[in-house]
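Spelled out, the chains give:
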Amino acid sequence: MAQLISRLRLWRGLVLLLAGVYFLVPMGASVWFSVAAPDGGVDLAAYTGLLSAPGFTDSLVLTLELAGVTVAVLLLLLVPALIAVRLGSPRLRPVLEVVCTLPLVVPPVALTAGLIGVLRWGPDYLMDTPFFQTVVFVQDPKFPLVLVIAYVLMSLPLAYRALDAGLRAVDVRTLVEAARSCGASWPRAVVSVVLPNLRGALLNASFLTLALVLGEFTAASILGYQPFAVWIYTVGNSQAQMSVAVSVLSLLITWVLLLLLAAAGRERRGTLR
Amino acid sequence: MTTAPTPVPTPAATDPSGGPGPSGTAHPHRTAPSGHRAAGRRRIPVSGSWLAVLPLLAFFLIAFGLPAVAIVSGAFTTSSGGDVPAGRFTTDNVRDSVQGAYWTALLSSVKLSALTALLGTVLGLPIAQAVVTSRFTALREAVLTASGVLANFGGLPLAFAFVATLGNAGEITKLFHLTDHGWSLYSFTGLTIVYLYFLVPLMVLTITPALDGLRTQWREAAANNRATALQYWRHVALPILLPSLLGGYVLLFGSAFAAYATAAAMVGATVPLISRSIADALSGNVLVGQGNLALALSLDMILVAVLVMAVYLPLQRRSARWLS
Chain A
0 MAQLISRLRL WRGLVLLLAG VYFLVPMGAS VWFSVAAPDG GVDLAAYTGL LSAPGFTDSL
60 VLTLELAGVT VAVLLLLLVP ALIAVRLGSP RLRPVLEVVC TLPLVVPPVA LTAGLIGVLR
120 WGPDYLMDTP FFQTVVFVQD PKFPLVLVIA YVLMSLPLAY RALDAGLRAV DVRTLVEAAR
180 SCGASWPRAV VSVVLPNLRG ALLNASFLTL ALVLGEFTAA SILGYQPFAV WIYTVGNSQA
240 QMSVAVSVLS LLITWVLLLL LAAAGRERRG TLR
Chain B
0 MTTAPTPVPT PAATDPSGGP GPSGTAHPHR TAPSGHRAAG RRRIPVSGSW LAVLPLLAFF
60 LIAFGLPAVA IVSGAFTTSS GGDVPAGRFT TDNVRDSVQG AYWTALLSSV KLSALTALLG
120 TVLGLPIAQA VVTSRFTALR EAVLTASGVL ANFGGLPLAF AFVATLGNAG EITKLFHLTD
180 HGWSLYSFTG LTIVYLYFLV PLMVLTITPA LDGLRTQWRE AAANNRATAL QYWRHVALPI
240 LLPSLLGGYV LLFGSAFAAY ATAAAMVGAT VPLISRSIAD ALSGNVLVGQ GNLALALSLD
300 MILVAVLVMA VYLPLQRRSA RWLS
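Going line by line, the protein sequences match chains A and B.
Per numbering that gives the first Met the number 0, residue 0 is the first one in the first sequence, and the count goes up by one each step.
Per numbering that gives the first Met the number 0, residue 0 is the first one in the second sequence, and the count goes up by one each step.
I should point out that these hints are in silico values taken from the structure, not numbers from a laboratory.
We put the CB at the ideal spot given by N, CA and C, even for glycine.
Treat the hints loosely; a few may be bogus.
Chain B residues, not near chain A, derived (Cβ > 12 Å throughout) [said to hold, decoys possible]:
(1) W102
(2) T103
(3) S107
(4) L117
(5) P125
(6) Q128
(7) G181
(8) S183
(9) P200
(10) V270
Derived SDA-like pairs: lysine to any residue, alpha-carbon spacing no greater than 20 Å straight-line [what the hints assert, rightly or not]:
(11) K110(B) to K173(B)
(12) K173(B) to A36(A)
(13) K173(B) to D38(A)
(14) K141(A) to T56(A)
(15) K173(B) to T56(A)
(16) K141(A) to Q225(A)
(17) K110(B) to Y185(B)
(18) K110(B) to L302(B)
(19) K110(B) to Y196(B)
(20) K173(B) to Q225(A)
(21) K173(B) to W31(A)
(22) K110(B) to F187(B)
(23) K173(B) to F22(A)
(24) K173(B) to A164(A)
(25) K173(B) to K141(A)
Construct the complete structure from the given sequences, taking the supplied hints into account.
Written as structure tokens, this is what we have:
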């Protein structure tokens with residue numbers, strides 16, 4: 000038995016070691032590539048030059064704004080729907096499932112093509128209607144709502160799965176019944192009893208969405224906007240070192256973000272006990 | 000698929016009351032689902048709850064429905080700018096989209112996705128299993144966190160990281176003089192290696208809950224009946240995992256198939272891919288009067304994804320039966 004356990008441990012260690020090498024080497028090599036000076040020394044110019052690089056702050060701010068709005072819209076649409084299906088309309092459950100799975104079958108490129116198709120209808124058919132203003136409004140280069148629409152659709156399956164998994168772990172009905180028996184109103188039962196129990200799932204869904212928006216390139220580049228990912232691409236064409244530096248940074252930022260979110264989730268769970 | 004799973008306790012026998020529910024005490028309504036529902040109706044009226052689903056449905060109909068209509072209608076009508084007036088019905092776009100270079104690109108995309116998804120599934124399973132069975136919760140947390148980050152690490156940063164590592168001037172390429180051995184990152188093989196970087200973590204994330212759902216009792220029961228580890232995997236674990244594994248495979252296939260940025264930034268035109276063809280067609284790099292070709296290509300792409308999904312959804316339901 001002891002022999003078996005030690006053999007298992009060896010096997011596990013080997014698997015994790017190999018995986019570690021495969022996943023860490025490109026990161027290490029990227030870091031090295033981004034700081035290597037031609038004379039063989041270390042040069043941090045690729046990192047220090049970032050802040051002053053043209054377009055860096057603009058594109059980063061745009062991306063963060065887009066991410067914030069996307070997460071807000073997504074949660075506002077999904078959370079009430081999911082809770083309602085659990086509580087009172089189980090027959091709508093398959094509908095919700097289909098709605099949240101369908102975007103998976105439309106790759107971002109195809110979705111973008113479709114969006115462009117719709118936006119082309121604007122000048123063609125809607126010139127004299129109020130809808131034309133809407134079409135113009137969603138394409139405002141300062142804050143392209145059309146990207147938010149695309150991002151909400153793209154993250155719908157991810158967020159749905161995360162929230163659904165969270166709801167599975169909680170007996171929403173009992174929770175609400177208990178809260179209602181204690182005299183809580185409907186909104187109060189949902190906000191102060193159900194939502195805190197879903198904190199992990201909410202954070203999870205938000206994080207997945209955030210990560211998706213931060214890295215999204217396809218729709219933004221084809222539609223001609225310049226959030227962060229598109230900016231990196233532009234930089235990469237002229238300054239290879241800087242583009243790799245940004246890649247390293249973006250990985251670090253995502254990592255830190257995830258750890259913060261995980262820590263926040265744990266803390267709250269701690270205080271609730 | 001055909002192997003019936005060895006008799007195991009049905010999930011129904013162990014109700015999810017073991018979850019982090021608020022009250023550990025048994026609920027009288029739990030045992031009888033019908034009575035439960037009746038009691039729910041009597042005690043709390045939730046008749047208007049479908050209203051909360053409306054905003055999502057409305058958003059979906061507009062944001063998803065309109066582009067879908069645009070794709071289908073565009074794929075079957077003539078584009079503006081050609082000899083024929085725009086908006087006429089035609090099958091030319093669809094016909095062109097499955098011929099010549101476009102057909103090659105579609106096939107190459109499918110081939111790349113199928114291969115990388117297979118490799119991702121085969122490589123992801125042992126990693127997930129190693130993590131799930133590990134004694135160290137910290138290791139588990141770290142690997143799952145890392146998988147979460149890496150699974151979303153597609154796109155440009157990934158491409159640049161690999162160019163810096165294995166590209167022509169990459170660090171590893173220089174270190175081992177790989178170019179002399181005929182190595183090129185900008186090839187089918189190169190792209191496969193790069194895709195695995197986000198597909199394997201995706202598989203780890205996908206399969207971990209299923210592996211968690213494999214109860215220790217099943218393994219113990221197998222051991223009590225003198226099954227070896229191999230027999231346990233062959234007759235118990237894999238049949239139960241199979242739907243999840245295939246579901247994961249499909250998810251990976253979809254991810255690889257839809258990926259655009261990585262390939263766009265890395266290989267350029269050396270490996271033809273359908274997603275790149277669409278982007279090119281959209282940015283006007285096609286002949287005048289073929290603008291709707293992009294929509295026809297999108298339709299092809301969606302059809303492939305739909306076919307793949309048609310396999311996925313039933314599997315998802317099957318795996319939920321055992322591993323709820």
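Hint by hint, here is what the structure shows:
no., hint, result
1, W102, "17 Å, holds"
2, T103, "17 Å, holds"
3, S107, "15 Å, holds"
4, L117, "17 Å, holds"
5, P125, "5 Å, violated"
6, Q128, "8 Å, violated"
7, G181, "20 Å, holds"
8, S183, "16 Å, holds"
9, P200, "8 Å, violated"
10, V270, "16 Å, holds"
11, K110(B) to K173(B), "30 Å, violated"
12, K173(B) to A36(A), "15 Å, holds"
13, K173(B) to D38(A), "15 Å, holds"
14, K141(A) to T56(A), "14 Å, holds"
15, K173(B) to T56(A), "34 Å, violated"
16, K141(A) to Q225(A), "10 Å, holds"
17, K110(B) to Y185(B), "16 Å, holds"
18, K110(B) to L302(B), "16 Å, holds"
19, K110(B) to Y196(B), "18 Å, holds"
20, K173(B) to Q225(A), "34 Å, violated"
21, K173(B) to W31(A), "13 Å, holds"
22, K110(B) to F187(B), "10 Å, holds"
23, K173(B) to F22(A), "19 Å, holds"
24, K173(B) to A164(A), "46 Å, violated"
25, K173(B) to K141(A), "43 Å, violated"
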